[in-house]
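The primary structure of each chain is shown beneath.
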Amino acid sequence: MPDGALPVLDVRDLKTVFKTRSGEVHAVNDVSFSLRPGELLGVVGESGSGKSVTMMSLLGLLPSPPADVRNGSVMFDDKDLLNVDAETLRKVRGGKIGFVFQDPMTSLNPVFTVGIQIMEPLRKHMSMSKKQAAVRSQELLELVGIPDAKRRLDDYPHQFSGGMRQRVMIAIALACDPQVLIADEPTTALDVTIQAQILELMKELRTKLGMAVIWITHDLGVIAGIADRVMVMYGGQVVEHAPVANLFNDPQHPYTRALLKTIPTIHGERAARLTVIEGQPPIMTAAPASCPFRDRCDVAFDRCENENPQRYDLGAGHDAACFYNARTGAPRDA
Amino acid sequence: MLDTPQTPLVSVRDLKMHFPIHAGLLRRRVGEVKAVDGVSFDVMEGETLGLVGESGCGKSTCGRAVLRLYDITSGEITIDGAEIGDTSQSKLRKMRPTMQMVFQDPQASLNPRMTVEAIIKEPLDEHTKLSEAEKREKVGELMDAVGLNRQFAKRYPQAFSGGQRQRIGIARALALNPKFIVCDEPIAALDVSIQAQVVNLLEDLQEQLGLTYLFISHDLSMVRHIATRVAVMYLGKIVELAPREELYAEPLHPYTKALLSAVPEPDPSLATSNERIVLQGDVPSPANPPEGCNFCTRCPSVMDICKTVEPEYFEVAPGRFTACHLYQNTNDTAD
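Line by line, the protein sequences give chains A and B. FYI, UniProt numbering numbers position 181 of the first sequence as 181, with every residue one higher than the one before it. FYI, UniProt numbering numbers position 83 of the second sequence as 83, with every residue one higher than the one before it.
By construction, these hints were calculated from the structure, which means they are not laboratory data. Heads up, some of the hints might be wrong.
Claimed, not checked - Below are the SDA-like pairs computed for lysine to any residue, each with C-alpha atoms no more than 25 Å apart in a straight line:
1) A/K261 with B/K307
2) B/K257 with A/K19
3) A/K261 with B/K179
4) A/K203 with B/A159
5) A/K203 with B/K179
6) A/K203 with B/S221
7) A/K19 with B/A159
8) A/K203 with B/S269
9) B/K257 with A/E204
10) A/K261 with B/R298
11) B/K307 with A/K19
12) A/K261 with B/A188
13) A/K150 with B/R298
14) B/K307 with A/P147
15) B/K179 with A/R273
16) B/K257 with A/H267
17) A/K208 with B/A188
In isolation and in its complexed conformation, chain A is listed as follows:
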C-alpha cells in the first residue's frame, strides 16, 4: 500500500454524545484516524464500542437530537465535513463516499425495483439521463457478479437472496465511483460460504477500482484476511491501531491480546478451556476520566483509575492507548 501518501480522509478528535432521558452517553471519545488512498482500514470492536457511530457521525447520518457531534474535524476533499452545509454533505454521501450497511434487507426499499435504486445515485449525483443510468446500472450489477444483470434490474429486493442483496448494496455504493467506501458489518448477516464470496468480491473490486475502504466488523477472522491496517475500538475510543500483521502477531493493548485469546480457531491447537475477559463492556455515561478497560484488565494499576491513556506511538505505524508497556512488562513513564 502507498505509504506516506496524503490521506483521502482525515478524522481528528471526533466526539459524539447521545442525549437520553437518563443522561448523556459518550459514544465516541476523541477518535482520530486517517485513511490513505487505496488502503483498507479495518475497524474492530464489540457492540457498543462506537465503531458504527463514528462512521455515521462523520457523514452526518445521525439524527440530532439525540446525537450531538461535539468536537472534531473530518477532512475530506479539502473540506471539513462537520462544518459544511447540508447540500455539500448530500453530494459527498453516496457520491464520493459510498456506504454499505449491515442488513441488506432493511437498507433496500422493498417497493422499488433494484434498478431504480441503483439508478438513483447516478441520476442525482452524476446527472445521468435515464438511458445512461440504466446502462451503467447493468454494468454495476455485472461488476458485483450478479448473473443475468439486465433482467434482474426489474426485480424487487425480496426476489434476491441475502448474499445477492448485499451485492446490490455494494453496487449502489459503488455507483458514483467513490473515493472512499465505508462498509458497516457488510457480511455479518450472511452465512460463511456467502461471506467468502463477498470477501473475494471486495478484494477484486479494490484492485480494479483502487478506492479506499473502511471495513467495520466484530469478526477478527474477516479482518485478518482483508485489511491493511486495523483499528481496535473499545468504550468509544481507539485502543490500538496497527498494520494488520503487527496487530495479530504483536498485539500491545491488553484488550486486543485478550480478544485474540478468547476466540477459538478451526486450525491449530485446540485450547482445553477458552480464555475469558471477565466483566462487561462499560456504558460511557460521562467523558472518560479513566481507562475504559481498567475493570476487565489483567495489568491495570492505580494510574489507569485516575487517567485515560493517550495513544502511545510504538513505531512502525503501531500505537496503543495503554499505560502498561507490554514489551518491557512495566508501566510507561508518567
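Using the hints, position chain B against chain A.
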C-alpha cells in the same frame, strides 16, 4: 474431557419435519418445505454433539423437532429409553423435565414482565411439588450455579446484559435437573468476549451435572471447541458426521470442505496462504430441492450420478458418516 461415552442417550432415526405450503384462494396445500428430511444420529451420554450448517439448512428445526416442540412428519426419537416420536403432547409434558432447551435470543425468550426469580421458578411450579421456600432456595442455588448474583432475583430481564440474560435462560433450563439440553445458537447474539464466558459455563455445568448437549451453531470455530462429535447439515439432511478432530483435520464431504475453508481465520499469515474454496451460487430452496444429491448444484466435484441418484448416508470409517457418491462403493450404487 470425559471418557469416550458409548451409550446413546438420544437416538434419532429418519426424522422428517415437513411444513406445508398453502396458496391460492382456498389455501390449498401446494407443496411442502422439507426443513428436515430424513436425519439420523445418536447423542451419547455426557457428550456434546455439535450441529452445524448455514441458515435455512434446518438445524434449528431439527433441534426443536428432537424435543418434539413440533409434531413431526415421521421418524423415531428415543430419549433416555423412551420413544417420543408419536407421543401425545399431554404425555410429553410429564417427560419434559429430562429434556430442556436454551434458546438463541435471550431477549425474546424471557418474559419481560416476569422477574428473574419467577422465570427460573416457573418450571418448578409446573413440574414439582416443592414449597415456596424450597423453590426460592432452589432458584438461589441455580443463580449461583450460572454465576448470577442472588440479590438480583427480583429484577426484570431488561436490567441484564445479553450474556447475563443467557445465563437466566440456562438457569431455567437447569431447574428440573434435565439430562439432555438442546442449545440452539446460545451464543450467536452475544459479543465475542461474552461468548467465551457462556461457553465455559456450559462446559462447567456439563462436567458437574453430567449433562448431554445438542449444540446447534453456525460458528464452526466455537463448535470445534465445545463439541465431542460434529454433524454438518445441508438443506435438511446431515451430509457428514464425525468426531471433532477427524472432521476438522480431514473433512470428507465437499460441502464440509467448502464450509471449513470459508471460515475466516484470525491470522493474517494463514489467511493468505490458505486455499479457499468459494462456492458458487446460493442454497436451493428446501421447498424444491434438486434431484439427486442436495448439494449437486454447488458441488465443486459434482459427477453425473449426483444429479440423479441421492447418495446414501453410511459409515465410511468407524464413527465417520457421510452421504456422498465420492465415497460410495460403486458396486452398491450401480443400478
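Practice prompt. List in ascending order the numbers of the hints, as given earlier, that are violated by the structure.
Written response: As far as the earlier hints go, 1, 2, 3, 4, 5, 10, 11 and 17 are violated by this structure, in ascending order.
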